[in-house]
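Peer 1: The hints should help you fit chain B onto chain A, whose structure is shown.
Number of protein chains: 2
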Amino acid sequence: MPVFPTEAVIREVGLRDGLQSIRQVLPTSRKREWIGDAYAAGQREIEVGSFVPARLLPQLADTAELVAFAKTLPGLFVSVLVPNLKGAERAFESGADLLLVPLSASHAHSLANLRKTPDEVVAEVARIRAARDASGAKTLIEGGIGTAFGCTIQGRVDRTEVLRCMQALLDAGADRVSIADTVGHAGPRAVRDLFDEARRIAGERFWCGHFHDTRGLALANVYAALETGVTRFDATLAGIGGCPHAPGASGNAASEDLAFMLAGMDIETGVDIAALLRLREKVARWLEGETLHGALWRAGLPESFARHAASAALTV
Amino acid sequence: MPVFPTEAVIREVGLRDGLQSIRQVLPTSRKREWIGDAYAAGQREIEVGSFVPARLLPQLADTAELVAFAKTLPGLFVSVLVPNLKGAERAFESGADLLLVPLSASHAHSLANLRKTPDEVVAEVARIRAARDASGAKTLIEGGIGTAFGCTIQGRVDRTEVLRCMQALLDAGADRVSIADTVGHAGPRAVRDLFDEARRIAGERFWCGHFHDTRGLALANVYAALETGVTRFDATLAGIGGCPHAPGASGNAASEDLAFMLAGMDIETGVDIAALLRLREKVARWLEGETLHGALWRAGLPESFARHAASAALTV
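Chains as they are written, first to last, in full-length UniProt numbering: chain A, 1 to 316; chain B, 1 to 316.
So that you can see chain A by itself, here it is in the shape it has in the complex (with noise of 0.2 angstroms):
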């Protein structure tokens, strides 16, 4: 039987890849407080926003800001998503720990969202890898590669497809590779099979697991992913966002479900899951109307975790 990592890190992604599908644009000031509190609850790395142009993304045209008011935040690793060397100036500019290139592995999705090929995207992070070491910055550069597990316009995504593109990533200067189940094709079998070899191929630069809630499965490719040694993980309180050519299917691995997965495995990953409940009932009032998702929140916490907690903390 693999042995489990003791811990584990839940990477915060609702404010980019969750409000990105939500139309009603949150106040830049709502948007601090979510990351004020999700820092308070425990959370020690969170997505911001995208550096894309504003005109097409209103949403989130305020990343810069929220980057500022991120990094104030002592120990708190803030990155962004980038589409480009443009996108990537800007990550730089402000200060972000990290930016993510996306690329997608199905050729077909990549040019219909990206309107690129997999290679020119590769193309393009060694531009931004060389503007990054002129620059000075000491922004990381992560390759995601979605659609790894398949895809709603081309259907199958072969597996040594996505390996050649994470390698071409890594040769290209990318500092981290992560893969992505952009469409909610991923299950466990083919998790523990597609990661065991990317670990082989990237070693501690496979950074980030990340995986789509679209048919109730999200929660089980994590666990299939954490017996290969992944330790990151992408997660969107309260699942918002997901697969945007699936109107109303489930969203994104919820943090708090994940966060409780992890807690009952007794894999450390800081969050205090009950301050994170309290937060998505905030964040549920502010996004009144939209489609959320998870189970824990109906629930709750079992009463005999929440005084198992209780006493750990009054151990420390």
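Any given hint might turn out to be false.
As the list makes no split between identical chains, a pair holds if one copy fits it or if it spans any two.
What the hints assert, rightly or not - Within a straight-line C-alpha distance of at most 25 angstroms, the following computed SDA-like cross-link-like pairs (lysine to any residue) qualify:
id : residue 1 : residue 2
1  : Lys-71    : Leu-85
2  : Lys-71    : Gly-270
3  : Lys-71    : Arg-164
Everything labelled a hint here was simulated from the structure, so no lab data went into it.
Peer 2: Positioned in the frame of chain A, the structure of chain B alone reads:
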């Protein structure tokens, strides 16, 4: 890495564990239609009801009739739940293939719910076994250990107590034993640890895992159980039922979501998922106003999956 089984069984318990928590009584004709459609979709093990006094559970008053109908379907393995010897005698008469006697490993839950201690349930199983052997009936006896991962009344439930109950059930003459997470306290690591030990005690007589999705972990728990070699899981169409102590909480593992996960792992269940989704639509109409669960029905099967299934069917 553990090796996965090539086949698994989804035991449909929606007509019992699902319907028992739904107030509007589903007419017998619709239950027959449900059983017939589930059978047509490839399901080969169905728990059709419970032999409890009709005044306590009017929803399940037609269990004998449903067993008789289900037994007309060739190769369908028909099970029922019974609380005691009296119910077991009705099960023998009905011709059910298996009866499940619930035992609660939490003493507090056992007294509150069954009005017996765990050891009194074990003694009842011994009487049921003696009656079965005397009657010449062929009905298998399964002892189902509930609240095996914790309990809303008692809190923690010791693993040693669960395993002690399991051994006692086997000693009392249970042909099969199974483990249930009655209130959604289980996580995948706990499942793996407990199921590993249970398999060591009961071998092939360890028959089935039963997971509620109260806190979103049902499928992750099934995945962990598969790694221990367990190949039979209770589930309910649309995830109905589940935790009566947490109203609104996500219910049982949803049969259709579980079938999708297993298919994605190349584990054969014999289930036609598209047919199961059509049955779900029908049952959802019948149960209008009730809380249903599951994720797959919203997003549907991935197109590539449907094409794969269609080409697989052509090669048969």
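Peer 1: Each hint should be assessed against the structure and marked as holding or not.
Peer 2: Against the structure, the hints:
1. Lys-71 to Leu-85: Answer is within; shortest intra-copy Cα gap is 22 angstroms, inter-copy 67 angstroms.
2. Lys-71 to Gly-270: Within. Shortest intra-copy distance 19 angstroms satisfies the 25 angstroms Cα cut-off; inter-copy 54 angstroms does not.
3. Lys-71 to Arg-164: For Lys-71 and Arg-164, neither the intra-copy (35 angstroms) nor the inter-copy (54 angstroms) Cα distance is at most 25 angstroms.
In the structure shown, a violation is registered for the earlier hint numbered 3 alone.
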